[in-house]
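A.B. asks: Build the complex: two chains, separate frames, hints provided.
Residues per chain are reported as follows:
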Amino acid sequence: MSIRKIVTVTEDILTEGGREVSPAARVAVVAAIVKNPWAGQGFVEDLSEGIDAHASDLGALLAPRVLEALGAPAEAYGKAAIVGLNGEIEHGSGLIHTLAFGNHFRDAANATTLLPAVEKRGPAGVIFDIPLKHITDATIRSHHQSIEIRINDAPHADEIVIALAAAAQGRPQQRLAAFSTEKN
Amino acid sequence: MMNDQRFGIRKIVYYSEEILSENGLSPAKPAVRATAAAVVTNPWLGGKPTDDLGAEVVRLAPVLARKLTDVLAANLGGVEAIQAFGKAAIVGTDGEIEHGAALIHTPFFGNLVREFFEGESIICFADDRADAGSSLVVPLWHKNAAATRTHYQTITTRVSDAPRPDEIVVVVGASTGPRPHSRIGDRLTDPIVKAETLGELVP
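Just so you know, the sequences run in chain order E and C.
Here this note's numbering is used: position 84 in the first sequence is 94, and no number is missing along the way.
Here this note's numbering is used: position 137 in the second sequence is 264, and no number is missing along the way.
Source of the hints: derived by calculation from the structure; they are not laboratory data.
There's no promise every hint is true.
The calculated BS3-like cross-link candidates involving lysine-lysine, where the alpha carbons are at most 25 Å apart (straight line), are [as the list claims (entries may be wrong)]:
id : chain 1 : residue 1 : chain 2 : residue 2
1  : E       : K130      : E       : K45
2  : E       : K45       : E       : K15
3  : E       : K130      : E       : K15
4  : E       : K15       : C       : K321
5  : C       : K156      : E       : K45
Please read all numbers here as calculations on a predicted model, not as lab measurements.
Next comes chain C alone, as it looks inside the complex (with noise of 0.2 Å):
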């Protein structure tokens, strides 16, 4: 069993989502959209922006993604029921955004996060500096095949206390599905759009 502690977790918090309605109208492909978020302190505090972050990385960023993908996992219904992914960083206000990139944009985070999710995608990501309690909106696409418009969709994602100013919130998103009533098209049918072609449409 993994000593929580030794990595400086406080919290973990799972959110989810199922859309039994959408304009009154149950969705044809019903999906749970969910994030798992980890509340750690940020390992950084004190130091330089000139610092190497890479250590940390290394010891810190496996274990949240072993960590948040397993959560989703066993709410969602297993791997193979995730269609569609994304992550997100939240650095409290002692930190730097860097701190947070440092945690979800290197390859122990991302590459592990898309091993486990048995996805192929690069992942799409949203990050802030912000209070405890603020809200992010987590991006969401295939995890297979990322201009799969139909899972173009967002959650959003928020732990109550978290992130303290020496903390950093990391979260995975994932969703079983397309947005509900998905009727946009996709690439394969899409006319060619240039300006001079819609004429008076462009003022």
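So that you can see chain E by itself, here it is in the shape it has in the complex (with noise of 0.2 Å):
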């Protein structure tokens, strides 16, 4: 797989709608940015080469890093594919939606509930939102959140940027009733 460049963001917030967040809310991302590996071969009809190549590879190089990014166990995660501007949005759908991508995620923070995820085409310097979901529920409505990402120099037109993001808790000053107490 060739790999240009290694992205790692930490957001920590502080204080929310003018209170103290304590402990600190803390989501972390990391994102690669690879070679498109079906870059100027016209459409391929079978992704599945290129997918059995790169996608474990990737869940591999980024499960470990986001998590050692967050600093804590993650209660919340998401994934993304950003495909450059020559590429199929399936490229990126082809290396992120696959348990051979995911797992390594799922199994390093003990998680059991499919990945949230962006999948988007655009240039360099294109910005997109993370979204992230419990790691075991879903439906719990406190950690749903998004993250939000730019990185000035890609994707490149033939390359894609894969990213995991984490959230070692929910949204800051959380207070929205449970999904189980609403009614019809």
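C.D. replies: Structure (structure tokens):
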């Protein structure tokens, strides 16, 4: 796998709504900027060869790094594939929408739910939001959140940004009623 | 434990880039470039352009210098791993550029960043007044020898929801090495370049 760059982001929120958040709420993202395995090949009907060659390696690279950046047990998580302008969104989806990619993160985080995702095509410097949900129960409303990312020079037209996001808690100052208490 | 709320710190954002390959080749000396950004309430809102800024500088700037250099050192493998540094401020639209300058351009910030990073150079900088989510290119140069050309580099910093109009984003940048594939010589190897000796090359 040809990786150009690895980007790490952490956000610590210390106050929200004018009130202290204690302990600070942390969300971490690690992104790998990789060459699109199908660049320059025209329409490739069967993507399985490229997926088999790269998806697991990317999951294995990113999962421990994002948990290390978080520095705490993950309670919510998500993933992203941002495809450069020459590629198909299907290329990015191929790399992240497979158990071979996601299981590295699920296993490392003791998680069970599906990873929410963003798939998008854009120019270098495109802004994208990674959605995160609770790692064992996607209906836990307190943990629905997202983090915004921008990488100045990625993805190039023949690249894909593959990212994982992890949060150590739900939203800061979360105070919505539980899903189970809501009346129809 | 420092009470961050007392200093009006809303958020701290760390961003790093590790370059594994540039133009298809791995750098001989791989470097990690990073920024740490603190979002603080502008303490001078509603003041006059003639007000003295000193008191809040003394109160706030050292706290930011300590916090931001700690974040970078912890993530980059310690102070000894840091070879280049820089600083920046983005002032929200209700403030003056002078407010950002006050937080990064006095000894209460600059001297402390230099001391905490064990450097000797003057610290290069960028500043701007802008909306939340604006990007700013932060220049970095060598912490002990500013004219070291291999270490002239930049990193782009951005906080998605800051600065609000009443906030300031204060940034410290650092790098653990030179540009990838730096190969443009140095002052020691440069020829003497003057317009007259270049002759026809200078129109």
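A.B. asks: If a hint holds in the structure, say so; if it does not, say that too.
C.D. replies: Evaluated hints:
no.	hint	result
1	E:K130 x E:K45	16 Å, holds
2	E:K45 x E:K15	10 Å, holds
3	E:K130 x E:K15	19 Å, holds
4	E:K15 x C:K321	39 Å, violated
5	C:K156 x E:K45	22 Å, holds
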